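Student: In case you want the letters, here they are:
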Amino acid sequence: MKEIVVISGKGGTGKTSLAASMAVLAGRAVVADCDVDAADLHLVLDPQIREKEDFSGGKGARILSGKCSGCGKCYELCRFDAVFKNEGHPPYLIDPVACEGCGVCSHFCPEKAVEFVPVVNGQLFVSETRYGPMVHARLGIAEENSGKLVSLVRGRAKTIAEKENFPYIITDGPPGIGCPVIASITGADAVLIVTEPTVSGEHDMERVADLAAYFKIPAFLCINKYDLNPGISRDIETKARDRGICVVGKVRYDRAVTDAQLERIPVVLFEGGVAVAGDITEAWNSLIKHLSQ
Amino acid sequence: MTAGLTVAVASGKGGTGKTTVSANLACVAAEAGKKVCYVDCDVEEPNGHLFLKPGLERRRKVYVPVPSVDVEKCTACGACRDICQYSAIAAIGSEVITFEKMCHGCGGCRLVCPSGAITERGREVGAVEEGRAGRVAFVQGRLNVGEAMSPPLIKAVRSSVPENSLAVVDAPPGTSCPVITAVRGADFVILVTEPTPFGINDLGLAIDMVKELGIPHAVVVNRSVPGNSLAEDFCGQRGVRILAEIPDDRRVAEAYSRGELAYSAVPAFREYFEDLLTSVEKEARR
Chain A
7 MKEIVVISGK
17 GGTGKTSLAA
27 SMAVLAGRAV
37 VADCDVDAAD
47 LHLVLDPQIR
57 EKEDFSGGKG
67 ARILSGKCSG
77 CGKCYELCRF
87 DAVFKNEGHP
97 PYLIDPVACE
107 GCGVCSHFCP
117 EKAVEFVPVV
127 NGQLFVSETR
137 YGPMVHARLG
147 IAEENSGKLV
157 SLVRGRAKTI
167 AEKENFPYII
177 TDGPPGIGCP
187 VIASITGADA
197 VLIVTEPTVS
207 GEHDMERVAD
217 LAAYFKIPAF
227 LCINKYDLNP
237 GISRDIETKA
247 RDRGICVVGK
257 VRYDRAVTDA
267 QLERIPVVLF
277 EGGVAVAGDI
287 TEAWNSLIKH
297 LSQ
Chain B
12 MTAGLTVAVA
22 SGKGGTGKTT
32 VSANLACVAA
42 EAGKKVCYVD
52 CDVEEPNGHL
62 FLKPGLERRR
72 KVYVPVPSVD
82 VEKCTACGAC
92 RDICQYSAIA
102 AIGSEVITFE
112 KMCHGCGGCR
122 LVCPSGAITE
132 RGREVGAVEE
142 GRAGRVAFVQ
152 GRLNVGEAMS
162 PPLIKAVRSS
172 VPENSLAVVD
182 APPGTSCPVI
192 TAVRGADFVI
202 LVTEPTPFGI
212 NDLGLAIDMV
222 KELGIPHAVV
232 VNRSVPGNSL
242 AEDFCGQRGV
252 RILAEIPDDR
262 RVAEAYSRGE
272 LAYSAVPAFR
282 EYFEDLLTSV
292 EKEARR
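One line per chain: the protein sequences are A and B, in this order.
Numbering of the first sequence is given in this note's numbering, commencing with residue 7 and proceeding in unit increments.
Numbering of the second sequence is given in this note's numbering, commencing with residue 12 and proceeding in unit increments.
Please keep in mind that the hints were generated in silico from the structure rather than gathered at the bench.
Since the model is a prediction, treat every value here as computed from it, not as a measurement.
Warning: the hint list may mix true and false statements.
As the list claims (entries may be wrong) - Below, a list of computed lysine-lysine pairs in the BS3-like style, where the Cα atoms sit at most 27 Å apart:
hint	chain 1	residue 1	chain 2	residue 2
1	A	LYS245	B	LYS222
2	A	LYS65	B	LYS112
3	A	LYS154	B	LYS112
4	A	LYS91	B	LYS112
5	B	LYS112	A	LYS222
6	B	LYS64	A	LYS154
7	B	LYS166	A	LYS79
What the hints assert, rightly or not - Just some of the chain A residues that point at chain B, by a computed CB distance under 10 Å:
hint	residue
8	GLY64
9	TYR81
10	GLU93
11	HIS95
12	PRO96
13	ILE188
14	VAL205
15	LYS256
16	ALA262
17	THR264
Ideal Cβ placement from N, Cα and C applies to all residues, glycine included.
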């Protein structure tokens with residue numbers, strides 16, 4: 007079984023559109039959406055939810071008004087500016103959004119007036135799609151610990167793939183190079199970096215390629231909308247080659263990609279998307295050929 | 012000189028045009044004679060410098076506090092391990108091991124240690140870089156590759172903005188901690204979207220986020236296409252104002268690919284950003 011994670015550094019380069027099409031092309035695959043704070047894959051794969059569970063990424067602190075004496079110890083110790091002075095009672099309050107869940111305020115409160123309890127900050131879903139099982143999640147609004155939720159999504163996808171003998175897990179990753187991306191790629195068999203020929207796409211591809219190298223994960227590259235700026239596409243290819251990253255595909259700029267999204271179907275199944283579907287199919291075939299070597 | 016104003020540009024979905032809106036807005040503001048600072052808080056993938064091409068004059072490393080255990084004083088009591096919520100400290104037998112990258116820097120272990128064996132030292136996570144791009148003051152953060160936690164660096168970037176400026180904060184994508192750290196305390200948030208199912212879905216999440224934070228906000232629709240009213244319909248339902256609709260234009264996409272401002276490539280676009288600046292200032296000072 008191979009776990010392939012689609013990442014990009016820069017947002018909006020086409021990760022989700024590509025991942026959705028790869029789910030179709032793979033034939034048998036478990037699909038995982040690890041972009042838990044702005045998940046979109048469900049909009050094209052139309053999952054029917056089979057299981058749902060609450061996710062708790064940690065604890066949160068809350069001041070019990072009956073016990074607080076207003077000594078200000080919590081205010082003094084909090085490093086996350088989450089404790090603030092209140093006009094009424096209790097004399098201090100904790101901003102749940104700023105609270106980092108460290109528990110220092112609760113531990114050191116002389117009155118034991120700070121409750122420190124697990125908080126639900128997201129939901130995990132196991133669903134069925136026409137193309138196979140899908141594991142996805144929804145991080146609560148303004149919540150943290152997306153890395154933990156990502157690990158949970160990946161773990162569940164892996165369990166399903168192993169139990170039911172799926173040859174692939176296709177994971178739609180988040181943008182950036184921080185916590186949720188690191189949680190999405192560590193230990194994966196390969197990352198597919200989707201970039202676009204823009205100065206931003208090129209810059210961000212290099213940062214995310216550095217990240218994959220840092221965690222020693224084999225990286226492959228797909229240049230989306232390559233004909234938007236052929237010169238930068240060539241630069242990106244050269245940079246990839248210099249890093250030993252194989253360019254598995256180049257996908258043309260095609261309005262059909264957006265049209266397919268508006269129709270909410272993977273672009274490889276979209277009637278008006280034959281040409282671009284050909285590019286994506288070539289990229290997928292090249293990727294699995296390299297992975298099987 | 013008017014008082015400072017902080018306008019954050021966020022989106023939920025990546026690639027909708029946050030940097031395009033922020034950079035063009037900062038430049039039209041500077042051309043109108045305003046004291047303006049472009050603030051790149053997308054520290055994982057900072058791109059504003061590619062468009063503004065600033066001269067960077069100062070670079071300051073940013074550190075987060077992590078524990079340092081004095082083995083001579085440590086009695087391996089395990090209190091540090093017990094208070095740590097992030098599995099950043101383990102006590103195995105008589106040995107205490109720290110996992111610095113897991114540490115959130117709360118300081119709990121140092122406070123709880125009964126033998127005074129824990130002190131704190133700084134661990135570098137990235138840098139704040141400052142400079143100027145013509146009349147635009149420029150600040151950006153750059154997270155070191157392999158670093159998971161960007162909020163401390165984003166805080167450092169936000170605190171580097173010159174006083175009494177119009178600060179245009181380019182936020183990272185998403186709706187969780189990095190974005191919240193970037194937009195917290197802003198006077199106004201511009202949410203940039205595109206009229207696609209992904210763009211609208213993530214706009215909904217971004218609206219929920221700014222509402223939770225209690226920050227006044229409005230929407231800019233980028234790559235607007237005639238006959239497509241997804242964004243208008245959605246914003247109508249949610250009761251959120253649309254401040255500007257920037258048309259989809261291949262010339263602008265190509266200019267973007269080369270690192271050019273939209274209105275340098277297509278002068279007619281200047282008006283969109285000038286009007287946007289006027290509406291944002293009006294909305295934000297209400």
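Student: If a hint holds in the structure, say so; if it does not, say that too.
Tutor: Hint-by-hint comparison with the structure:
{"no.": "1", "hint": "LYS245/A / LYS222/B", "result": "violated (42 Å)"}
{"no.": "2", "hint": "LYS65/A / LYS112/B", "result": "holds (20 Å)"}
{"no.": "3", "hint": "LYS154/A / LYS112/B", "result": "holds (14 Å)"}
{"no.": "4", "hint": "LYS91/A / LYS112/B", "result": "violated (32 Å)"}
{"no.": "5", "hint": "LYS112/B / LYS222/A", "result": "holds (17 Å)"}
{"no.": "6", "hint": "LYS64/B / LYS154/A", "result": "violated (37 Å)"}
{"no.": "7", "hint": "LYS166/B / LYS79/A", "result": "holds (23 Å)"}
{"no.": "8", "hint": "GLY64", "result": "holds (6 Å)"}
{"no.": "9", "hint": "TYR81", "result": "violated (14 Å)"}
{"no.": "10", "hint": "GLU93", "result": "violated (17 Å)"}
{"no.": "11", "hint": "HIS95", "result": "violated (22 Å)"}
{"no.": "12", "hint": "PRO96", "result": "violated (20 Å)"}
{"no.": "13", "hint": "ILE188", "result": "holds (5 Å)"}
{"no.": "14", "hint": "VAL205", "result": "holds (4 Å)"}
{"no.": "15", "hint": "LYS256", "result": "violated (15 Å)"}
{"no.": "16", "hint": "ALA262", "result": "violated (13 Å)"}
{"no.": "17", "hint": "THR264", "result": "holds (6 Å)"}
Violated hints, in rising order: 1, 4, 6, 9, 10, 11, 12, 15 and 16; the structure is consistent with all others.
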